[in-house]
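Okay, here's what each chain looks like letter by letter:
Protein chains: 2
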Amino acid sequence: MNLKPSPFAPATFPVLPTVKGLRAAAGSRGFYARRGIERDDVFLFAFDEGTNCAGVYTVSNTASADVRWCREALKAGAGKARALVAHSGNSNAFTGPKGVEKNEATLKAMTGTLGVARETCFLAATGVIGEPLKDPNFVGAFVPDLAARLGAPDWRACARAFMTTDTYPKASGRTVDLAGTPTAFAGIAKGSGMIMPNMATMLSYVFTDAAVAPDLLQGLLKDITDVTFNAITVDGDTSTSDTLMVFATGGTGAPAIESRDDERFRAFADALHATCLDLALQVVKDGEGASKFVTVKVEGADTERSAKNVACHIANSPLIKTAMAAGDANWGRVVMAVGKSLEPIVMEKLAIWFDDVQVARGGARAPDYDEAAASAVFAKPEFTIRVDLGYGEGASTVWTCDLTHGYVDINGAYRT
Amino acid sequence: MNLKPSPFAPATFPVLPTVKGLRAAAGSRGFYARRGIERDDVFLFAFDEGTNCAGVYTVSNTASADVRWCREALKAGAGKARALVAHSGNSNAFTGPKGVEKNEATLKAMTGTLGVARETCFLAATGVIGEPLKDPNFVGAFVPDLAARLGAPDWRACARAFMTTDTYPKASGRTVDLAGTPTAFAGIAKGSGMIMPNMATMLSYVFTDAAVAPDLLQGLLKDITDVTFNAITVDGDTSTSDTLMVFATGGTGAPAIESRDDERFRAFADALHATCLDLALQVVKDGEGASKFVTVKVEGADTERSAKNVACHIANSPLIKTAMAAGDANWGRVVMAVGKSLEPIVMEKLAIWFDDVQVARGGARAPDYDEAAASAVFAKPEFTIRVDLGYGEGASTVWTCDLTHGYVDINGAYRT
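Read top to bottom, the protein sequences are chains A and B. Count the first sequence with our numbering and you get residues 2 to 417, in order. Count the second sequence with our numbering and you get residues 2 to 417, in order.
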């Protein structure tokens with residue numbers, strides 16, 4: 002099917018900085034050829050020796066073979082990384098022994114071609130769930146070809162290669178000064194449907210030429226995921242393939258950041274956070290059929306966790322998301338979603354705003370409620386729903402999009 | 002807006018039996034008049050002395066003023082009931098002190114007109130959330146008019162009076178023999194959107210002329226709710242007004258059923274269950290925009306609760322519901338939903354059927370998978386998704402509908 006580009010698609014692909022210590026190649030294995038579509042669908046990254054990595058993966062109990070391998074490799078290799086292969090067209094999830102065979106064949110090709118240890122090789126796949134590959138070596142057989150073309154990454158080609166229902170390639174980059182050393186961050190992401198917090202998201206990779214100890218990187222990545230990729234939702238459906246990894250090559254030559262006390266840690270963490278947040282918000286803005294991008298802020302809860310639960314109930318409610326699509330400022334549905342979160346609610350303390358327009362306070366509609374002003378907010382392509390529970394210090398922000406006819410269309414036609 | 006009738010709308014309204022010991026009247030208070038719609042929107046039931054009742058209500062923490070009153074009355078009156086007023090057009094939820102004032106005025110009219118105790122009077126309201134009534138006595142002032150017209154219930158008029166986005170009135174009735182005494186059961190329900198298990202459903206009332214002790218009735222109603230109204234979903238959104246009550250008038254003159262050991266208890270329970278299930282399934286079949294009615298059966302779990310959680314994840318998944326709408330037998334999305342339930346999953350033991358067509362087993366697509374056969378099932382207006390987790394005895398059934406363009410349309414236009 003032809004997907005209409007998201008109204009939030011950026012005009013141009015961002016310029017990403019050069020990340021020292023890695024090479025990449027993208028190409029077409031023909032996953033989409035049977036549908037008559039010519040496009041890249043696989044990429045290979047090779048990392049210099051000394052590269053550390055961290056990863057967070059779907060919490061799904063039907064995780065793909067690739068996710069299960071990555072978890073195993075991350076542990077067995079103690080956070081060392083030398084290669085990454087990701088492809089679209091087939092998620093290799095619920096493919097049984099055939100899925101494992103496919104990964105074995107791909108890993109064999111990676112270790113043989115690149116001369117690296119098996120547990121430093123990472124895999125990902127995205128696409129239809131449950132369809133087994135006829136040839137387990139389908140991807141592996143293509144690795145030598147990709148390896149022969151390794152060079153400075155064509156970020157746009159890589160970001161496009163793992164797209165599925167995405168309508169634009171997603172990337173984010175920046176260079177920051179870490180104690181006098183310019184350090185690069187470049188990230189790519191894919192994702193549009195099957196997107197829901199409480200996981201570690203679709204597929205996204207961030208590359209930096211900083212050197213960072215693996216344990217430190219892993220802890221930091223978990224924290225950042227909670228407020229970026231795990232704070233977005235498109236449809237409340239959690240994928241079997243969600244993967245977010247960060248690779249720190251150490252290519253700048255600066256000594257490794259080993260602890261949170263290192264003077265460079267804060268700047269490193271901020272840059273990684275900014276990259277992840279930018280990528281996560283691009284995923285929401287490319288949500289299947291999305292016409293509105295909405296920020297949901299909940300404050301005044303007992304804990305951040307409680308605030309996030311309320312925010313997710315608002316952000317995932319089909320009734321609120323269809324009202325967003327229609328530009329109908331139906332604030333009573335926000336009350337409904339707050340209530341069904343089952344978090345402690347003191348109705349008399351509850352207040353709700355659409356951008357700066359207060360629509361409810363004191364357990365009822367705001368006395369100065371202005372329907373026209375509320376509707377004007379919901380008519381905008383981007384706005385904020387803010388809820389104050391009114392009794393605590395816990396706050397959380399979640400990002401979502403609307404539920405439109407486009408979502409129904411896209412997901413009725415995806416497999417065909 | 003004009004709603005297209007559900008394809009599952011019954012050809013005729015059912016014939017309900019005469020329930021001795023109650024009278025009713027329906028009428029129009031003009032809630033819909035401002036939109037130029039003439040229709041009934043309120044009903045009153047009056048019960049003979051000796052009527053017992055039981056009720057289950059929304060678990061929402063932003064429950065309506067009416068729900069909060071019913072909980073209080075049920076407790077204060079020890080399960081005695083003399084009157085019920087329900088109306089559509091406004092849910093009286095999140096209406097603050099004004100909502101309480103409205104209920105006080107209505108209760109005053111009920112007690113004054115009918116000469117009954119306050120704690121035996123029950124209330125319900127359904128419609129837009131958060132819109133306060135200008136006149137707190139708007140409903141109360143109409144009670145004398147309704148009381149003057151009390152008589153044998155016009156069930157169709159009552160069932161229509163509390164409809165909102167429903168496209169047909171819902172009712173179910175039967176007469177059963179309880180140890181030689183013919184005993185009547187008549188129930189009505191409304192509900193179409195904001196429908197999700199883990200609650201006590203939209204608005205539904207069942208009336209019987211059996212005599213049953215209040216505590217026994219309450220315990221039985223809770224059990225039945227779990228496998229009827231709490232086992233259906235349209236959109237995963239839980240209402241602020243969900244109410245299910247049963248009124249047992251004792252009008253047959255038979256002695257009261259006081260315990261589960263009474264020889265009549267099983268037949269009574271079965272009839273109440275059948276009435277509730279029929280009403281609950283009618284709600285799903287009238288789900289906003291629904292074109293498919295789908296049964297989700299999960300078995301082989303450790304517990305019934307675990308099976309139900311998996312079934313609800315399947316029944317609520319927007320990706321599965323849009324695939325249903327399109328008739329796309331995308332069974333991989335069922336794997337996704339099973340996984341995101343976070344219940345224990347042994348992938349190698351998981352099996353999935355669409356009606357009798359097995360699509361997955363042994364942790365992968367079924368070796369004899371037949372896409373044409375699977376698609377033929379999804380093309381039907383009614384079918385079953387069956388999942389066997391393969392390791393335990395816990396089983397549960399949940400009923401759902403598809404997610405269509407109609408849902409998006411209805412919920413963009415509901416308030417306007």
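Worth flagging that the hints you see were computed from the coordinates, not collected in a lab. Wrong hints could be hidden among the right ones.
Copies of one chain are not kept apart here, so a pair can be met inside one copy or by any two copies together.
Stated by the list, open to error - Computed list of lysine-lysine pairs in DSBU-like fashion (alpha-carbon distance at most 30 Å, straight line):
| no. | residue 1 | residue 2 |
| --- | --- | --- |
| 1 | Lys381 | Lys76 |
| 2 | Lys5 | Lys223 |
| 3 | Lys81 | Lys5 |
| 4 | Lys109 | Lys81 |
| 5 | Lys350 | Lys298 |
| 6 | Lys350 | Lys81 |
| 7 | Lys298 | Lys99 |
| 8 | Lys21 | Lys298 |
| 9 | Lys109 | Lys350 |
| 10 | Lys135 | Lys223 |
| 11 | Lys76 | Lys5 |
| 12 | Lys298 | Lys381 |
| 13 | Lys81 | Lys381 |
| 14 | Lys76 | Lys350 |
| 15 | Lys99 | Lys21 |
| 16 | Lys5 | Lys350 |
| 17 | Lys350 | Lys135 |
| 18 | Lys350 | Lys99 |
| 19 | Lys135 | Lys109 |
| 20 | Lys99 | Lys5 |
| 21 | Lys109 | Lys298 |
| 22 | Lys21 | Lys381 |
Each hint tested on the structure:
1. Lys381 - Lys76: Neither: 46 Å inside a chain and 47 Å across chains, both beyond 30 Å.
2. Lys5 - Lys223: Answer is neither; intra-copy 34 Å and inter-copy 48 Å both fail.
3. Lys81 - Lys5: Classified as neither: same-chain Cα gap 40 Å, cross-chain 60 Å, threshold 30 Å.
4. Lys109 - Lys81: within (18 Å within a copy, 75 Å between copies)
5. Lys350 - Lys298: within (16 Å within a copy, 42 Å between copies)
6. Lys350 - Lys81: For lysine 350 and lysine 81, neither the intra-copy (51 Å) nor the inter-copy (34 Å) Cα distance is at most 30 Å.
7. Lys298 - Lys99: Intra 44 Å, inter 28 Å, cutoff 30 Å: inter-copy only.
8. Lys21 - Lys298: Close neither inside one copy (38 Å) nor across copies (54 Å); limit 30 Å.
9. Lys109 - Lys350: Close across copies (29 Å), not inside one copy (61 Å); limit 30 Å.
10. Lys135 - Lys223: neither (36 Å within a copy, 51 Å between copies)
11. Lys76 - Lys5: neither (41 Å within a copy, 56 Å between copies)
12. Lys298 - Lys381: within (17 Å within a copy, 42 Å between copies)
13. Lys81 - Lys381: Intra 46 Å, inter 52 Å, cutoff 30 Å: neither.
14. Lys76 - Lys350: between (47 Å within a copy, 27 Å between copies)
15. Lys99 - Lys21: neither (36 Å within a copy, 66 Å between copies)
16. Lys5 - Lys350: So lysine 5 and lysine 350 fail the 30 Å test inside a copy (43 Å) and across (40 Å) alike.
17. Lys350 - Lys135: between (59 Å within a copy, 23 Å between copies)
18. Lys350 - Lys99: Cα proximity of lysine 350 and lysine 99: across copies only (16 Å, versus 56 Å in one copy).
19. Lys135 - Lys109: For lysine 135 and lysine 109, the Cα distance is within 30 Å only inside one copy (18 Å; across copies 74 Å).
20. Lys99 - Lys5: neither (35 Å within a copy, 47 Å between copies)
21. Lys109 - Lys298: This pair counts as neither: shortest intra-copy Cα distance 47 Å, inter-copy 41 Å.
22. Lys21 - Lys381: neither (42 Å within a copy, 56 Å between copies)
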